[in-house]
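Number of protein chains: 4
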Amino acid sequence: MSIKAEAYCDAILPGYTHLQHAQPVLLGHHLMAWFWMLERDKGRLIDCQRRVDVLPLGSGALAGTTFPIDREFVANELKFSAVSDNSMDSVADRDFIAEFLSAASILMVHLSRFSEEIIIWNTSEFGFIALDDSVTTGSSIMPQKKNPDVAELVRGKSARVIGDLVSLLTLQKGLPLAYNRDLQEDKEPLFDAVDTVSMSLRAFTIMIETAEFNRERMHKAAGEAYSTATDLADYLVRKGVPFRTAHEQVGALVSYCVQNKKELTDLTADEIRQFAPDASDDAILQLSAEASVESRKAFGGTASSEVRRQIEKAKSLLER
Amino acid sequence: MSIKAEAYCDAILPGYTHLQHAQPVLLGHHLMAWFWMLERDKGRLIDCQRRVDVLPLGSGALAGTTFPIDREFVANELKFSAVSDNSMDSVADRDFIAEFLSAASILMVHLSRFSEEIIIWNTSEFGFIALDDSVTTGSSIMPQKKNPDVAELVRGKSARVIGDLVSLLTLQKGLPLAYNRDLQEDKEPLFDAVDTVSMSLRAFTIMIETAEFNRERMHKAAGEAYSTATDLADYLVRKGVPFRTAHEQVGALVSYCVQNKKELTDLTADEIRQFAPDASDDAILQLSAEASVESRKAFGGTASSEVRRQIEKAKSLLER
Amino acid sequence: MSIKAEAYCDAILPGYTHLQHAQPVLLGHHLMAWFWMLERDKGRLIDCQRRVDVLPLGSGALAGTTFPIDREFVANELKFSAVSDNSMDSVADRDFIAEFLSAASILMVHLSRFSEEIIIWNTSEFGFIALDDSVTTGSSIMPQKKNPDVAELVRGKSARVIGDLVSLLTLQKGLPLAYNRDLQEDKEPLFDAVDTVSMSLRAFTIMIETAEFNRERMHKAAGEAYSTATDLADYLVRKGVPFRTAHEQVGALVSYCVQNKKELTDLTADEIRQFAPDASDDAILQLSAEASVESRKAFGGTASSEVRRQIEKAKSLLER
Amino acid sequence: MSIKAEAYCDAILPGYTHLQHAQPVLLGHHLMAWFWMLERDKGRLIDCQRRVDVLPLGSGALAGTTFPIDREFVANELKFSAVSDNSMDSVADRDFIAEFLSAASILMVHLSRFSEEIIIWNTSEFGFIALDDSVTTGSSIMPQKKNPDVAELVRGKSARVIGDLVSLLTLQKGLPLAYNRDLQEDKEPLFDAVDTVSMSLRAFTIMIETAEFNRERMHKAAGEAYSTATDLADYLVRKGVPFRTAHEQVGALVSYCVQNKKELTDLTADEIRQFAPDASDDAILQLSAEASVESRKAFGGTASSEVRRQIEKAKSLLER
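Protein chains in written order, with my numbering: chain A, 1 to 320; chain B, 1 to 320; chain C, 1 to 320; chain D, 1 to 320.
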């Protein structure tokens, strides 16, 4: 993700809220948002592994063993970091599966969301992305189709892992100690989720690595639909206009543009001043997508310096 | 839990698998099994808190802010340990809720399981526990009832928290960046789960603190239903009998007892030898619940020394 | 179920609420409760089948076909009752799976509940039921065990089918028309649920058909734990005592019994009158389990005439 | 829905699979797909109501009542169609809630899918729909935004109802007869789902009734992205070309168009014949969106006569 983010560090596309153009962002910034989500997923899986890394062997049927077994030695031999403290807990508990399935579900939800974006970007209406043939298929009926199969399958498979989690939690609900045959049903959801997550991550990686983004389409879209309106409002605020007033003035200006089929970048400083009298001639400088992006220099913003900082941090995390 | 475990450190009850008598255990051991589950729950909540402890303020609508805000300073003032690295991630992601709801669901499943045991122990057939009036209610129709309300409600409320988790995961599935109005629905499952978990833990604590266990009923039950049969088989193995053979011999002996309506403790050494020729006179010493319990001295077993070790470890964990 | 109910039409056991003895009931009545639940499950599956019985063939990729196909004719040949009205609906919708999985989940929840009862009845503490060797297993470690495997597995498998349902609903959530590759994931939950339900019903039927109930243990239990206290209160109400007063008087009488380790059937009319002055000598007649059961003659009650009515109705429904 | 479908009976838009242009369809056809889904939802709710319409009163605590109550009379007075056959079933079962929540979940999934389409159609990239101010909001930060709030909220609320269903099913799993306090938790998911579904349907109706579709944008899109390629392939098949060959020829033709930045409607008959030698001059007639739509005259297809048939059928169903 960070490699792709670096490659598209300077490509501008619309940032969306409610799937409406909100403010322009760098594609590098957008991709790094996914990096941080996956980084937290990794943290959850590491925490899970730490709690799982406990030897249950030697718990017997439930009460411990009468044979003189050195469980510490066994743990060492089998590369476990610790030995379970209570034999009944070891026999009864399946929270190591529940915790893994929780982390896996959150991870798959992240992938489902990124998949949704790829599917939307891949429409002919958006046209932001070109997917490699290895992750798309044609249609058996329609010769012109290039379907984003991997993205759709991964989105779908998030539902499968959520189903696995529900199954495992519901399975355990209300079971007394220690072992009950119900628990035999713990394996399939676990194995299914491990397979699904592994396969999804592998396929997803190939899809991202091979994807080509259409810089022109993205840049053109970023300049449309008034996505720098906030920048003009912020500019007015810096000129001393109260935020509420600035918001109203810019709102009226946008309505004017809609009626006259103009984009914000088509406006002259005089046209702007008809709605926002405090605007100077430099107001029009606020309205380019580039200016908008570069003005967001606060920590975590989409300015290119901030995106580069994120990428450097990501690289050092990955090198660890 | 550890205090109650200490108070009943020496009380013997049947350990169950499949809700069938398996091997006798100390009540202290049984209660400590729940301690370790709750200890892991605590670990998961601490890990979650660490990941949540990141300031999102200053992310703006999605692209960061154009105002010169020192986010580190704000984080310090508001006692956050870190500042979010990416404004779109901050606006879009809800995995801090999903992770909390996962940890909460696993915790509630644990409480649902312990509740199930309390409900079963509270039947007139088992009669192992007497619950305080503060956690039971009488019946509006039936004057003789003393219903284990808190245990039943907590068991039921585990379903509620699982529902909250499913709702939050499904909510996010397939949503593109950054904010979408769907996410307004994130608050109710979170607040509902926080309230439910808090209330359940409080009520559960009162229920356990005030519960009285019936040592006589538990001890009598532990001596019934052949729950020391494994001990006799283990004894034979130590005498050099292969495990499979020992298992068969003891199985036949149990059948003999069932037909003759005897408990294992009613047997003479000669009767035992009819089925297990390698048994010496000391075989009958294996058949008491006390001997069974004390023989399980391996780390994590139910022997009283091991239970006391667990309690000491628990105390030092709680004092931290 | 109705056959087994008939065989045990006159066997008395405690009816439980909160797993506490509430009022005696006939085992036939108890078993028939499960019959009616399964009967509604059948109704849901029939309704589902009716809605599924619609031919989708001829919908093409999504817009219908350009070839002159007579879909009515195809439907007739393939034994479908109807032809789908809208090609996009046919391609996109999976509610025929969702409806089946819903009905299957409710059915499995019913079986999980009955399984829970069988597991509890099969404990040595309750001892109400003896399960056939074909539906139990011994333990690999403990020679004395007879574990209610089928009941536990079916209880566990209810979680699996609920997981399938969640998976299928979450899968479809937020998908636009018409086909999306996500829908490829619709098959496994469906096929898995069909297999699970079929297997569970088959195993469950064998378990019930071969089960032996212990009339003596059940009858003895029905006379214990004051489960006819309500009958005495109802008797007092018929004598003109306000219900609240009757409830209090009987409550005090039960406390007296608890303190003096007596069952209600041990009481004399004079002892009863110490707490309930309006009781005549015939009050003690109210206190037998048989009298309690037979007094509940209103439609749907546990009186033997009502249980026989239910069984006859069930038979005629099954013969249809 | 059928009224809106009638108003846009002749408006053409692209039909999508995988969110890729597949084949042109009439908006009336597309909207009617949703009608049939909602019609099945209605059927499920009616079936549920039929099964719920059974009087439980007179079941007492669980065993029936000892008072001479005429339950048929009560049912008549309270407008119930039937009386429950078994008092324990009446006290224990909650499948009337589970069935409602299942039907409600499927309904909400339908609405979530239609919402997704509206959100996508409402993007500036698609621009197919203009939503009324009453169902959108502006942004507190961004003056240019018109967010499809109702569609997003309804999509989100589908997750809530699925959560309610999971909660209710998990709640009941493994509960013995008859009443257990857990069941107190049955009310909130039911009431919450009733409120959510009612509100969602009301808001959704207003959103659809007030929506304006942009015929020009939809029509223009329908002619792009080669969505009549299948029609050309079908035409070749009717000329005697095997389907596989026709598919390959049209696939090559589409590639030619992509490379030369042409739409299919830009082609001459001679250009077509370079790839598909069997094409006559009338081949170009196949390539308009109108011809494509009208050629799908089989029952359930998107031809205008078929859409009108659907609308008439829908009207007569609604008038019942």
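Do not rely on the hints blindly, as some may be mistaken.
Same chains, same label: a pair holds when it works inside one copy or across any pair of copies.
Said to hold, decoys possible - Taking lysine to aspartate or glutamate pairs in the EDC-like style, the calculated list, with each CA pair at most 20 Å apart, reads:
hint: 1; residue 1: K220; residue 2: E72
hint: 2; residue 1: K146; residue 2: E263
hint: 3; residue 1: K42; residue 2: D85
hint: 4; residue 1: K315; residue 2: E248
hint: 5; residue 1: K220; residue 2: D192
hint: 6; residue 1: K187; residue 2: D132
What the hints contain is simulated information worked out from the structure, not anything from laboratory work.
We went through each hint and held it up to the structure:
1. In this assembly of identical chains, the alpha carbons of K220 and E72 never lie at most 20 Å apart, being 64 Å within a copy and 35 Å across copies at closest.
2. Taking the closest pair of Cα atoms, K146 and E263 come within 20 Å of each other only across two copies (16 Å); inside a single copy the shortest separation is 32 Å, beyond that limit.
3. In this assembly of identical chains, the alpha carbons of K42 and D85 lie at most 20 Å apart only when taken from different copies (16 Å versus 27 Å within one copy).
4. For the identical chains of this complex, K315 and E248 are neighbours neither inside a copy (43 Å) nor across copies (46 Å), given an alpha-carbon limit of 20 Å.
5. Within a single copy, K220 and D192 get their C-alpha atoms no closer than 43 Å, and across copies no closer than 45 Å, so neither meets the 20 Å cut-off.
6. Proximity of K187 and D132 under a CA criterion of 20 Å is satisfied in neither setting, with 35 Å inside one chain copy and 27 Å between copies.
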